[in-house]
Each structure stands twice: as structure tokens, then as C-alpha cells.
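Residue numbers (the numbering used here), protein chains in the order written: chain A, 9 to 653; chain B, 9 to 653.
Treat the hints as calculated values from the structure; they're not laboratory data. A portion of the hints provided could be inaccurate.
Because identical chains cannot be distinguished in the list, a pair is counted as satisfied if it fits within a single copy or across any two copies.
To be verified - Capping the alpha-carbon separation at 27 Å, the derived lysine-lysine pairs in DSS-like fashion look like this:
1) 190 to 613
2) 613 to 172
3) 603 to 247
4) 186 to 353
5) 614 to 171
6) 244 to 171
7) 163 to 205
8) 195 to 274
9) 55 to 274
10) 186 to 260
11) 163 to 613
12) 195 to 341
13) 445 to 648
2 protein chains.
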Amino acid sequence: MEERTRIKSRTAKKNFKVRFLPFDICIDVPPGTNILDAARKANLFLKTTCGGKGTCGDCTVQILSGTYQSQPSAALSEKLLNQGYALACLTEINDNLTLQLPQFQEISIKSVSDSKFFDKQKNNISGLYEIDPLVKKIDLELPSPTLEENYSDLKRLQREVQKKLEIKNFNCEYSVLKTLAKVIREKGGKITVVLFKSGQTWTIIDVEPSTGEKNIYGVACDIGTTTVAVHLIDIKNGKILGTASSYNQQLKCGEDIISRINYAQKPGRLQELHDLIIMTINYLIKKAAESLQISSADIYYASVSGNTTMIHLFLNLEPRYIREEPYVPTLNKVPFLLSRNLGLKMNHEGKVHCAPAVGSYVGSDITAGLLCTPINRDSEKISLFIDIGTNGELVVGNKDWLMTCACSAGPAFEGSGLKCGLPATEGAIEQLELKDKGELQYRVIGGSKPKGLCGSGLIDLLAGLFIHGYIDRQGKFEAKKANTRIIENESGRGFIIEKGKNCYWERDLVITENDISNLIRTKGAVFSACSLLLKNVGLPFDRIDSFYIAGGFGQHLNIENAIRIGLLPDLERSKFHYIGNSSLLGAYLILLSDKNRELVNEIAKKMTYIELNTEPSYMSEYTGALFLPHTEMELFPSVKKIINC
Amino acid sequence: MEERTRIKSRTAKKNFKVRFLPFDICIDVPPGTNILDAARKANLFLKTTCGGKGTCGDCTVQILSGTYQSQPSAALSEKLLNQGYALACLTEINDNLTLQLPQFQEISIKSVSDSKFFDKQKNNISGLYEIDPLVKKIDLELPSPTLEENYSDLKRLQREVQKKLEIKNFNCEYSVLKTLAKVIREKGGKITVVLFKSGQTWTIIDVEPSTGEKNIYGVACDIGTTTVAVHLIDIKNGKILGTASSYNQQLKCGEDIISRINYAQKPGRLQELHDLIIMTINYLIKKAAESLQISSADIYYASVSGNTTMIHLFLNLEPRYIREEPYVPTLNKVPFLLSRNLGLKMNHEGKVHCAPAVGSYVGSDITAGLLCTPINRDSEKISLFIDIGTNGELVVGNKDWLMTCACSAGPAFEGSGLKCGLPATEGAIEQLELKDKGELQYRVIGGSKPKGLCGSGLIDLLAGLFIHGYIDRQGKFEAKKANTRIIENESGRGFIIEKGKNCYWERDLVITENDISNLIRTKGAVFSACSLLLKNVGLPFDRIDSFYIAGGFGQHLNIENAIRIGLLPDLERSKFHYIGNSSLLGAYLILLSDKNRELVNEIAKKMTYIELNTEPSYMSEYTGALFLPHTEMELFPSVKKIINC
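Taking the hints into account, I'd like the entire structure generated from these sequences.
Following this line, the structure appears as C-alpha cells:
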């Protein structure tokens, strides 16, 4: 008995420390644990397609310090092994290790300032309001009190504030009061004051002895089911100082919102999902602020958007009733919250604003996105807005009315759930041209050897494969189109995009029939939703004057190819506008001006939600769209013409 | 070396636990520590006049469990020793002890409902507003959502609230949102909601599944420099459910506000003072709620008043600049605060309101006090309000104008700083009549044997000693008036009020010349301030129509005797109204109706402060008042008449 106890305690002593970068999370694990299991224990997402069998290579990590031994695998070349890369699933931990998770590199997003609606001079979307944020930082000099005028510190502060700003109602946070007497006297009455406006009331949320500098920063954040993106913003002038984007760390708990909601149903799991998204955002804020020497205490305001489930998890709210009929969220319009209550690393009195949602399946990412388009500012023309993320949401209308619906697109265009998929991050093919004879040209984000394809690259590839006859209209490889690029192995047929020797991971970059079928389901879901929505409002496609396409495709989206695969309808090309991550852009606009915040509330109020799942024609519309470009070729005359050539 | 270490560690192990009731604070002390030192270490106040020499008997405690040995002292009879009483300063701790500090018994205060202005039917001060508190608890039944009307939980809640209450702006606390989905569904939409009004906005601060009961309680609290008092109130109907009052635990850090401010100047000391007052209030809330089975989670609102220094310490704000010229407080008007930020044991979202102060030396105890009098509601008559606490504050005026001043009275009338003094607590003589031949009749609070005298008893005694010639006009014992009651020992002359055998502590109850001189300084400070204030506004005493006297004298104050000693001016007796603890009464009124809160703000705005210390005639006024009743006997014709008899 004693012997057993002693052995147990000796074993317990031998635990090793594993440090995961870039999150800098350390955990202790017993010897022999593999890195994939350790990452799960550390609550970190590590992509794996083969389920830890050592065949897909997705869980490749870079080991920065510590000795280790890794089983060999065809999925990782000897060269990379020698460079310190290893498959997490095949590497046992028998030393203290520091390792880098490679998946959290910055995701390339279309910049706000690249938007065609963006007025670079004014740092704003043209037609929208000037910079007028809810948070202001001002310098004041309080007059010294005298026996005749011995007003309280707070009263003197209030009087000087009211001289500078037109303020009706005035308030002050307790945390400010606690140090007010000392702060005022430290530099003879010279102070820097931060005020936050809520309704008609301005509240003092921070006071410090004047430093001459007025650092006041904000964060705009789009919480996607798959990827999360932030802008770090100088609130004084609206300048975007830094941008960062990465996978949503909740991915380890499920790929789509339904699986996340299910995951949250066991005790402690909602908190876990909440902690994961907060960790992701804190990491992105830190990353966006990197090299700028910005203190988190100078970040006073976060403007957040995301789908309704993501916002519920962000706020630590029970998401269960979102997916149970009649699909009721806890709330659509979120009051201002304190960043410290959520765990965000900002100023102690930092405020968090979430854009309003319309309902369980049209969230604040959509209302914020609409803010970036002229849809809600034009009574004449009719526009269609499509946001393609893990879920797809569509809005049609104009200044007077807005109808909206949602569909489960799946994360294929975000690079998730595909063997060759990547978010629009370094190493992702973002543009691609496949020629008739199998020649292939592509452009890789960051210019390195390719690691995979992001949404825009996948659309280009799928269009090329289809147009040049490599695949049929159902997405199956054409037997007659024999080509050295087409391979067949135990997991079915595939198309070699690039040979291993030219790829970053030194293994062939392949798109499989499964991947193609995944992409077709996604584009089919989007197109059929689009089609049904327009039928519901009694408008044919050609009555739409403008199409705004939002999504995480990266910098570019080839509209022509998107039409060829039947993702977008076959209309005049000039009607289409790819606007990138409009949810993030909208969050940015809300942060900059309180009038935009009022406007987004008006937009949300105006929107009417249509439930497509209960439409009788839903299934027939969807199945019709599961072809390239569609069962009814007449809907795509320009594509028909090319194919018939 | 090893031997020494071993001894040390053995010694360290022998520490004893001392548990102090009623606060239930436990500390560890090394053996041999005396109880007085242990109480200090536990941050508890234990009165001692002799400084721990074992002669005054003030530090008598009752030991409930544990063995101990106490040195004998003339200050504690053997009978009491045998009953488990011991002098803290003479008792070493050599066992684990549980003991009761006797000083924290309930202090008797004049009940709100005893006020002549109180309308018992309406549970309100007549002429003031009806019950309309800022916190409301209502029952709602939310309709079940349907696919057609699937409003969010928050929206459905808002709609039902707006059906019940006229609400313009609506908000909801994050803590409520976090459980909203579950709480709503637990009893099929039946919920109980607590709302708090701030400005024009009603914020939901609590929601629970409907229980059929609507427990909603509030606390009114007067923080005095010496004593603290609370009422526990049923907010539904304004009923006072419990009352408790005790010493302010800060007393161990100094008797008056100046010494407290000085005490706060060392690091950590402000926090200590803050913790002590919070501990005192939490204890009083618990005591007031005793036997009522009231959960602290059902206490949603605290209405607090106190002098400006006490409010600063309560809020953990630097008090230093209150006493440094030009006497600037951090603030006079305090925003609503969260009870949890202060450490008060109430509902997690409980709100704290502090009545507004006028300046550093006229605090919210005075503005709240004025709310209880008709002063600010009458344009014709002129009234004078005097609050006699450790500091004295005076207000003169009517509905159109109010002038105010302050004086350092000292805590003599609160029973502090006198050998025979007690607050108006059990065992205190509250009424006393001394007859010419030395006969003495008195009434003791609680009916036990006397322990000491509270303010009203001291005034009666002083008047009796003076009128019957035991003391001269300077408060010195008359040598010619030989009497068995007059004694002389090393600490000077004294007058035996009651023989030890008839006293609770079995030692003679004596008033010394020092005590008398202390009382005369206090009454002199009040009277001279009164006199100077009226000179400042150019009004003679007889132009005042009503005198309102507030203070912790207990249930009664003999106006005749107060005039005889020169505390109050010699005017028609019907002009005087003793109103007890008007600060507490005002806090209660503010809690009950938001209109009273607005009214007290108007009162504070109307008040003009006069600094008496800078008046050239201040010293001569004061010294003139250091006689019984005054140097100028002409000011007190009725007294002169009696004495000349």
C-alpha cells in the first residue's frame, strides 16, 4: 500500500509544463500526453481533419523549445520535422515545451478604408455622420478653490466640463470619486478627463493628472462563428491603428452555432464558451496594439457585432432558446455593458456596445453591415445585401422597408471543414486561374508557398474546374477528363492544385470531391435563400439595382466566378459590390459616431424577418441550387453560353 | 540554534482564538495578550477612560466561554467578577475565549413615528409626499412567445413592465440578463421584477421566478461621528420593521472628525476607517433584521445621511481637504452608488443614496434633518434648526432663504468623553430630577440599575446641580454646599449620582468637575454659534418663531433644563420642538419618496454657509457662553428669577 502511494506521488511530480503561443497559456500534463490532447486540455483549438490519426497534417505545430520525439508521418516532410515542426497528434510530451500554434496567424480582411463608400479624407463612410464618439477625453484646468468659492472638487470639475461641452446631465463613476481629491491636486488642478455619453447624460469615467497626451482608443470587433476580427482605433481621429483577426477559439467546441449551443448545455460549458471568446478578443486586441505601446487602460470603448448566438456567448447568456422553437433570444438590443464584467482587457470603466439584432437568426453583424451600404439611405433603388459567413444572411429593400432571412451556409467559404481550406490568412491562395489545359496560376497571401485556399480562391478553383470540364454539374470529377492532376485514393477522387514540393507543408495541396460537394452545398444554400427571399417580396432578380456581398473572403472576390458556380445570380456585373467584412466596418462606424449608433437601431427596427425553413418550396429551391450553376441553366445565361462553347 | 527554532515554533502554536460578540469577529493572539489589546488588534472599539490602568471600569466585558484569570480591581465588584464580567485591560488571554462587548447594545432613539409631524395613518411626515420610492417590486406574467410573435425575452419583459408602470426609458442590469432566459421559463412566464428609477430611466435590477411574495426592503441610516443608527423599512408600505443603533466603530481611531481625518493620513488608514463604518452598518442592518427572517438579498435601497467627513469615510474618499483651508470636500451631491462597491450587505444590485451636503461642515445629516421640519415649507415664519451631535450645526430661515453654520460641540451630550456618560442605551439615566435637599429621582432606559447618563439625563443633572447651588456659574462645586454626595479624590471633586450598590456596575456613579466643564464647553459652543448666526442675519432671538432641536438625546429632552444651563435661549417654551434624530428621519423620508429626494436637493441648494471661525466676535461670544447659563444673565431672565429666589 505504502509502495503504491510512493510511486503515485513520484509520477505526479514528473508532470511537464507546456506553454502554448501565441496565447501564452501554460498547463501541466503527465508525461506521454500528446500535444493534441494537451491543447484540448488547455482549451485551445487545433484544427484536425483526420481526427488525430496523423494523416491530415492539419495539427502541425512549431516547437520552439524543449526536447521531444515525434512519430514520422507522410503528412509532414523530414525537412519540416528538422525545422522544429511536428504533428501535435503524433508527438508525446516528455519535457517542458514551448510551442507555437500556427493557426492563429492574422487573417487578411478587406480594409475599411478600401471600401468604395469610404471617404479617406473624412475617415468615414461618405453620407454618414462625422466623428462624434460617445467617449471623449479632454484636458481641463480647475481653478483653485478659495474660502469665498470653496465648491467641492466634483462641482468644480462639473463646471469646467460644462464650459467645454454642452452637457445637460452630469454624472461621475465611483472609481473616479475615490481618487478625485488627490488627482486634482497632483498637478495644481490640471487634469485629463474621460467622459462617456449615455442617453442625455455624460458620465465621467476616468480622471488623471494632465499628461499633455490624450490617448483614447477604441476597439471595433466582429465576432464570427469561425473567425473573429478587431480594429484598434484612435477615437480622436477615427484612424485604424491596428487590425487583427484569428479563428474563434470556440471552434474546439463545434463548428457551427447549433453545435455551440448544444455544447453549452452541460454545466460549466457556457462559461467555457464565454471564456474562449473573451480570450480570443483579448488576444486580438493585444495583437492589434502590438508595437504601438498602447496601454489597455487607454481603451475605453468596444463596439461589437456578431450573430445572435455569438453575442449571447460573448455576454455569457443562455443560448438554448435561440435554437428551440419559437427561437427566442434573451435580447436583441443590448444595453451598454462594462468591459470588466465581461473580462475584456480595457480601462476599468470601459464600455461595451453591441449592435442590435433582429432576431435569433439575423444578428447584429447584419444590422451593422447594413450601416455600411447605401441600402437604408435610398428610397428609389432596391438593393440586396448578402453576408456569407458560417451562416448566410440576406436583406432586401430600401430606405422604406427591409426584409431579411437567414440560411445555414456552413463555414466552407471561410476555409473551415475542407481539407484544403484556410481562412484568408498568410499562405492562403486568394486568387486562382485554372486554364483549359490544366495550367494553374495563383496568388498567395503573404507571398509564401501555399498552405491552402481561402474563400475567394476556392470560388475561383471551383469555377475553373467546372468551366473547363474537370467536374460535372454535380461537382463530380469527369472520368473522361483524364489529367495528371486528378488522383484517386482511399478517400475518393481529388484534384492536385499544387505538388507537395511547391507547397509550404511539403505535401500535395488537393481539393477532394468531398470538399467540392461541401462548397456546392454552401453556395446552394445561399442562392436558394436569395431566390426564396425575392419570391417572398415578389421581386424578380433583375429588379434589384445593387448587390452588396459581405463575407470573410479576404481582400478580393471574383464576381464572375461567383456567378459561374451559381453563388450569385447572373446579372449585370456592375451591380455587384464586394464589401468585405461589413460587420466589422459597421462596428467601427458605430464606435465613431453616436448618430451611427442611433441609425443602426433604426435599421434594426425597420427589418422584418422571414423564416425560410417553413416555406413549402424551400427544399425544391435548395436541391435545384445543388448543381453548377443550377438545375435551371436558363437562370444563368452567361454561364450556359460559356459551357456550350 | 535548532533548539531556539523549535521553541519558537512551539510558542507560535499556542496562539489562542478570541471571538468578539456581537460582531462575531475572531482573531488569534499570543498567550498573555490582554483583552483590551486583543480588541484593538481586532479593530474593535472598547471604551476606556483611564487608558487601561484598571481604574475606570469602562472596558468591562462579559466572558461567555473559556477559562481566564483577571486581576482584581476596585472598578469591578466581586459579584460581577463571579458573574463572568471582567475588565478587558486586566484580563490575560490564556485560553480560547468568546466574549461580549457590552458597549454595542442598542441605543434608544426617538422614533420617527413619535415625531409630531408624523402622520401615522399615512406613515409619512404630514405635508410631504406620499410613498413613491425609487425601487419597486412588481409581479408580471409574460405571454409565451410564438413563431409569429417571437420577441426576445427582454422585449417581452419590457412590454409587460410598460403596461404596469408609466415608463419612458427602460434599461436592464447585466446581472439580470445573465439569468433572464431561465428565470422567465421556470414558472411559465410568471416572474417578480425589481426596478430602480434614476432620472427618467427605470432599470431592472432583479428578476426572479414569481414567489407570490414581494419582499422589498430598504435601510435608512444616519452615520454619526459617535453613534450610527438604522431603520429597516418595508418599502411597500413605509413601515419601520426594525431599528438598531450603536457606537460608530471608528471611535477607536478618534473621537471627533478632526482626529479621524488625521488618523486617515497614514497609508491603509482610510481603508480601515471605511471598513469600520461598513462593519458597523452591516452589523446594525443584521441586528435590525433580527428575528424578522429578512434576507439581505431583499434589501435594495439604502438612504444614508451623515456629516461630510462621515460620508467621505463611508465612501472611502480622502477626507484631508475637508479640514485644510479652504475646506473643500470631494463632493457634496453624491451620485447613486452600488452597495456592493461599498461592501454593504444588501442585494447585489442594491443602490445607495446619500443626502446632499452643503459643504465641509454642514453635511447631509442637516439637509436630511431639515426635510423633517416645516422650515423649508413656510414663507411667513422664521425657524431655527439646531442639530447637536459631536458637531453642532444650525440653520435659520424659511422657505425663501436658509443660512447655516457649524460648531465643534464635542460628543459630551452623546455620552462620549465623560466618565459618567453613555449614549441613550439600556442602563442610561435619561431623565433626572435633583431636589434642593439632595434627593434625586431618575428614570433608566430599560428599567435596570443605572450604568451612566445619556444627553438628556446630563442636561437634567447639570441644571439641577446649578439651580440648587451645588455648582457655581462656572461649573465648580460650591465649597459652602457641603453634602454627603460631594466627594473629592485624586481626580478632583465629584458628585455622587448613585451609590455603587444601586448601580449596575456596582461602583459609584459620579459626575466630576471635568465632566461638567466638558458639558459647559459643549453647550457654550452651541449657544454662541446660535447667537452669532442670528447676529449675522440681523435677527434677535425673539424674532424666531420655532426652534427645532435634533440630536441623540434619546427619547426625551427637558427644554426647561436645557434653557437653565444656557444650551437653548430663554424664550417661550412652546416655540421649542425636540425632534430626535432628524438625520435618520430625513433619510427615511428620502427612501420613501423620490419627491423628497428632489426636495432635499432643493434645500441643499438654498442653503448659504457662514464660516463662524473667521468672525471677529467668535471668541468673546464663546467665552461668554462658558457660564451657567451665560455671563449676561439678562439673556436668561427666567433662570435669573429662579436663582435669585
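Okay, the hints, checked on the actual structure:
| no. | hint | result |
| --- | --- | --- |
| 1 | 190 to 613 | between (46 Å within a copy, 26 Å between copies) |
| 2 | 613 to 172 | between (35 Å within a copy, 24 Å between copies) |
| 3 | 603 to 247 | within (18 Å within a copy, 47 Å between copies) |
| 4 | 186 to 353 | both (21 Å within a copy, 20 Å between copies) |
| 5 | 614 to 171 | between (38 Å within a copy, 23 Å between copies) |
| 6 | 244 to 171 | within (20 Å within a copy, 43 Å between copies) |
| 7 | 163 to 205 | both (19 Å within a copy, 23 Å between copies) |
| 8 | 195 to 274 | between (54 Å within a copy, 22 Å between copies) |
| 9 | 55 to 274 | within (23 Å within a copy, 56 Å between copies) |
| 10 | 186 to 260 | between (43 Å within a copy, 24 Å between copies) |
| 11 | 163 to 613 | between (40 Å within a copy, 12 Å between copies) |
| 12 | 195 to 341 | between (42 Å within a copy, 25 Å between copies) |
| 13 | 445 to 648 | within (21 Å within a copy, 127 Å between copies) |
Against the hints set out earlier in the document, no violation occurs for any number.
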